[in-house]
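Visitor: Listed below, chain by chain, are the residues.
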Amino acid sequence: MDIQFTEEQELLRSSVQRLLRDQYDFDARRKIVASEEGFGRKQWAEFAELGLLAAPFSEAAGGLGGGPLSTMIVMQEFGRHLVVEPFVETVVVAGGLIEHAGSEVQKQAFIGDIIAGSKLWALAWTERGSRFDLATVTTTARRDGNDYVLTGEKTAVLAAPWADYLIVSARTSGHRHDRGGVSLFVVDRRAANLDLQSFKTIDGRRAAEISLRGVRGELLGKEGEGVAALEACRNRAIGALCAEAVGAIGELNDATLDYSKTRKQFGVTIGSFQVLQHRMVDMFIAHQEALSLMQHLSLSLRDDDAGVSRLASGAKSKIGYAGKFVADQAVQLHGGMGMTDELNVGHYFKRISSINIQFGDPAYHVLRYAQLDAA
Amino acid sequence: MELALSPEDAAFRDEVRAFIKDNYPAEMRVANPETDLSKEQMLLWHRILHNKGWIAPLWPREYGGPGWSITRRFIFEQETTRAGTMPPLAFSVTMVGPVIYSFGNAAQKAKFLPRILSGEDWWCQGYSEPGSGSDLATVRTKAVRDGDHYIVNGHKTWTTLAQHADWIFCLVRTDPAAKPQSGISFLLIDMKSPGVTVRPIITIDGSHEVNDVFLENVRVPAENLIGEENKGWTYAKFLLGNERTSMAGIGRSTRYLNRLKKIVKAEIPEDDPAHLEFIRDIARVELDVLALEATELRVVAQMARGIDPGPAASLFKIRGTEIFQNITELTHRAIGNDGLAIREHPVSANHFMPGPDYGHTASEKYLNSRKLSIYGGSNEIQRNIIAKAVLGL
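Which chain is which? The protein sequence lines are R and G, in order. Using numbering that gives the first Met the number 0, the letters of the first sequence map in sequence onto residues 0 to 374. Using numbering that gives the first Met the number 0, the letters of the second sequence map in sequence onto residues 0 to 392.
Just so you know, these hints were derived from the structure itself, not from any lab. As the structure is a prediction and not an experimental result, all values here were calculated from the model. Treat the hints with care, as some may be off.
[What the hints assert, rightly or not] Here are the simulated DSS-like pairs of lysine-lysine, each with C-alpha atoms no more than 30 Å apart in a straight line: (1) G/Lys178 / R/Lys260; (2) R/Lys323 / G/Lys260; (3) G/Lys108 / R/Lys263; (4) G/Lys236 / G/Lys108; (5) G/Lys264 / R/Lys323; (6) R/Lys263 / G/Lys178; (7) G/Lys141 / R/Lys263.
[Claimed, not checked] Partial chain R-side listing against chain G, Cβ under 10 Å, derived: (8) Arg130; (9) Asp143; (10) Asp146; (11) Gln196; (12) Ala206; (13) Ala207; (14) Arg212; (15) Arg262; (16) Lys263; (17) Val330; (18) Gly337; (19) Gly345; (20) Ala362.
Beta carbons are placed, not taken as given, at the ideal position from N, Cα and C, and that holds for glycine.
So here's chain G without its partners, still in its complex pose (with noise of 0.2 Å):
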């Protein structure tokens, strides 16, 4: 399904899809670019892309960003998605960069700014805590301040490519008598200060993404501090509004949908029962596909007519999440007894793996997808939001 698209937009999206086969690094295309990649190499097409100008699709043209229409960040989106191309590291480009340019002060803008399009500073978020998963106003990190600097304590979870990162940007209570939203504040850390410690999770499918970071009189520069102090809530929720909306991931559930299909005809004769059954399945998930783009298709649209999406994006994360899923299920059990086997975490090739490439990941891929629908506000909670902001129960 495709936008109707101006004789101008369609040539925008000739030259994405040009500008991506002609430029994607190879050495990018491996089994899991996810957990398969060193930072070095995750950074490769960042780079390109900064080259380019197109590294920050939402950012204004004043930020350094290109200046796009709405339809044309949707392209974008939706070209680089489906060439299944890595994105920039959300965040960066996609969360603390908006926060800084649209609460931060000119020193601030001035200084991470074009270090976040370079590529020179990876970001890691500091938002959960072992206390606060969903009901994230209750972090307990604590920045108490010291003539110009915080002293920070407490304890950061789920911190996604932490290991990587040059700077966190952190929910800290600085108010502990305000009520929990109150007494938040948006403060960025740099990583190599004196009592950061960073702890890998390792997660069921074997790979290390997620970590623990310890915050231990942690000296903050003041001027470090993003906004008023106490208004930290107000710019999260910000920036969850932008995690968010990029949740539907048609691109990528259609290029693994493809995928699947392909290991079905290859793997289950059509004479196997099971085969039908495949299709059927396969079918629905197609359709719910459908539905969900046609949904965000029509979102876009009234988005370029100035239209507020509204809890929009808490429906695209249910459904992008669920259809997600259910795809890498499909995939698992379409491999049939090669789904017994699991890669060796850190990957090597002198691990053996059974049966066909198409295989390999799919048990992890299967177990590390059941964190989509816990992870950036969980299902249940989308499900609150839409139920109070949109039904009004």
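Only chain R is shown next, with the shape it has when bound in the complex (with noise of 0.2 Å):
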């Protein structure tokens, strides 16, 4: 099983590439991770400009039609780069839920802008106590005319310190851990009695602490069937997620065999020992191993498969074990140089760690998988 990509997607590779080449350097990063807001809006607009915020989506909604694939493909070589803008909150997870669950009139309101990359969007779903299961929800919604007013608290909100929309998880009824009767609402995040306190994240991200006290919000998707859509919406997450590891540990593993074939220490090159020849025998199969499992969950989500929700808990954590790997050897080989901020390795290791958080960490995700073969 290997993807035959066709013409368009090769394009769609080497433009990304090319773009990141150019524009997306390890220095250009550093410098877009410590600006005030701490991501590039002329990068954004870049990526408009050459259509991948357009490409995932259906050409219905007015995407280019590329799905799960080109999703895939973009987020390989963002993971190559350590790009840190907002791809996965606005346009895999917000603009696949508008996409999946949103009404004709919503598509039309917020699709557009995504892709002209004039709106960004995150996703509020976890609480205090929710670890990574997307059902505990304390949130409540109330109903109040045509709209909902929100309270409770949500945290660690990846990008919405730089987001203008937030899709909310809030309960419309039931209790704090049923499935049932959870709701997700689109909310300003500029909303009057919504509070923000943003942070820094160890991949040099922003995320934020939401406070809601009665902030009117508007129904996305049919009101107590959240959880399924948010489960929907996690493993085309997880599949973009997936392929940003993949490219990850791919560069890891290259810098590594670089350095070990140049640095010498005993009067020999270091990869002239053997013990660090099998290492990177053992990094070499993990990567193998991760773009394998990436390739066929982008496949599985593109058929849309039945299995599709195991299968991408499968690759969350099997990716996530194998980026741990990797990312603690690639350190380790490169010794203290691995260790400081100067050096590029460490933080791939940070972005790793911090998508190995994301959605579910792989302990979570092996249960899962454990558990959904029972049912």
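The task is to assemble the complex, starting from two chains supplied on their own in separate frames and drawing on the hints.
Guide: As structure tokens, this is what we get:
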């Protein structure tokens, strides 16, 4: 099983590669991360210009119809360059939710602005105590005329400080852990009674704790069916994050291999030591397996296979552990240099660590993989 | 697990415990002492121990040590680490001090030892260079004799807390023609000398612990040479032996494990399947700690009977660092989504951090602890040492 990419897909890959090579080397990224906002509006506009923000959307929604495979191609390259801009949050997560769960009016209202690059989005689903469970929601939504009024606290909302809109999960009925009764809402990030406390993340991005004290929100999808929509959304997000991780793993392996061929100790290159050779072989194998699972998952997402949720959890776990192993060893083999902020290796390490928390860690997903089999 | 103690040693343990409780400075109890304290704050405990006469457990009484038995030294180490006190600067007390009293001359002992004990001089270690990490014997920093001085040129790196240092002890090459190990000397350099420049290295956790130290035509009085010229490698190896004995870190690991248990209890409800998984993972690490602690106690008991521990230090370094890395990983995992956040350096109360206090340093500890398997002789090098010295391979 190996994907034979179409000419169109190869073109997408090479255009992303060219853009990032010209505008997103490690120094450029460092400047973007250190800037006041912490991400590049200019870069985002370039992504829109190139059609990357349109790539996964269906043609009916105004996109290029590239689906999960185009997401995979883009994210793999983003992983190689440690791109910090909120592509996953805006296009894959929010865009996907709007496209799959939103009304025609909402699609019209929101997707065009996402594709044009004029609006940024974030998803607020985690709460203190929810850990990685999509159904554990205590934030409430009360109907008020055509709208709803939301009250509660959301935690660790990635990209929220950058976002114009949030999609917020809130309970319209049921108890804290109930699967039913959770609904999704579109909320203006600058709405009255919404407070944001921003913080920096380990991978050089921004996130926020969000407090909602009677914030007006617009229902997205059917009332009470938010968890199912979030599950499908998480599958797509996992597809994107796995591709990003594979990109990062590939870069780490290339960098480590190069270093082992040039770094000399005891009169020889360190790559001549068998213990390090075997380590790098294991890193190579980890990359190969991760790459294969990534492709397998992307095809399954494209075809909307029945077993896609189980596969998504399996891939998130397996690629998560692979990433952790490769990142640990890449730092170890680079020695002190791997510990420095100056070298890119540590930054890949941190991005992989962050991916391994987003939408559930590898331990959570291996268990979910097992449980979905039993079901 | 405890050593079987005589009544006298048990009384000593109680005395140490009480002394720490009554005297450890409250202002040193910050979130992350290694990165959050100023130089003056770090020295508070040093000075208290100095006044008590307990600053240098390893040193013989004639140089200002307390004259403790091996057992008492171990008790002291155990009690201070269990209580989470910040150890006095190792580069001064544990590393260069013993080199000076073992190989230095009378003038050097008189000049340097009292100032190490009092905390007046802060030392850093000029060993590693960009081209000499694991292979330390290839150091290229050159010292050329010029009358009663050496002229030193070179670049030292990974120099811990050099930003605070008054002195640096350096491995320098004095005989470029000799075999690598034979042309090295051990030289003490005043950090205030013209030509010494310190450049910060920021690590992946955002902190500033290590530095580059550049030496450009630094004039060093020849009287600062330790022992004989070109014998520096012998002294360096002696020192590295001291560095590695304390790396089991049982006290620290035990403390962090207890903390991890509290975090898991608070973060993960018992009906969450992740709870059981954490309980099991924690138990595994606890057994790792127990086994290493038992090994350490066995070695201490042997040392008390006069048996040379040999390369046991390498075993302690390997397992101690692997265990601590494992604990910091589990802690980072336990706090779930809060693990995405990291404190900004320099640390200030103005920066918002999400979640309960116990998680605020989890990310940086997790990142910072990756260094443990690299520094002080990488774990690969330690395994080579055991392979060669113990297994005869």
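Visitor: Hint check: is the beta carbon of R/Gly345 less than 10 Å from a beta carbon of chain G?
Guide: holds (4 Å)
Visitor: A closest beta-carbon separation below 10 Å is what the hint needs, so does R/Asp143 meet it against chain G?
Guide: violated (29 Å)
Visitor: Restraint: R/Gly337 near chain G, CB-CB cut 10 Å. Satisfied or not?
Guide: holds (7 Å)
Visitor: Between G/Lys108 and R/Lys263, is the straight-line Cα distance small enough, at 30 Å or below?
Guide: This hinted pair is violated, its Cα atoms lying about 38 Å apart.
Visitor: Would the stated hint for R/Ala362 survive a check requiring a Cβ distance to chain G of less than 10 Å?
Guide: Holds. Min distance 6 Å.
Visitor: Regarding the hint that R/Ala206 lies at the interface with chain G, is the smallest CB-CB distance below 10 Å?
Guide: holds (6 Å)
Visitor: Quick one, is the R/Val330 hint okay against chain G at 10 Å, beta carbons?
Guide: With a closest approach of 5 Å, the R/Val330 hint holds.
Visitor: Using the nearest Cβ pair, does R/Arg262 come within less than 10 Å of chain G?
Guide: holds (9 Å)
Visitor: Taking 10 Å as the limit, does the beta-carbon of R/Arg212 come near enough to a beta-carbon in chain G?
Guide: violated (18 Å)
Visitor: Compare the distance between the alpha carbons of G/Lys178 and R/Lys260 with 30 Å, and conclude whether the hinted pair is satisfied.
Guide: With a Cα-Cα distance of about 25 Å, the restraint between G/Lys178 and R/Lys260 holds, given a limit of 30 Å.
Visitor: Hold the hint about R/Ala207 up to the distance rule: shortest CB distance to chain G must be less than 10 Å.
Guide: Since chain G brings a Cβ to about 8 Å from R/Ala207, closer than 10 Å, the hint holds.
Visitor: Can we keep the R/Lys263 interface hint, with Cβ of chain G closer than 10 Å?
Guide: With Cβ-Cβ at 8 Å, under 10 Å, it holds.
Comparing the model with each numbered hint stated earlier shows that hints 3, 9, 10 and 14 do not hold.
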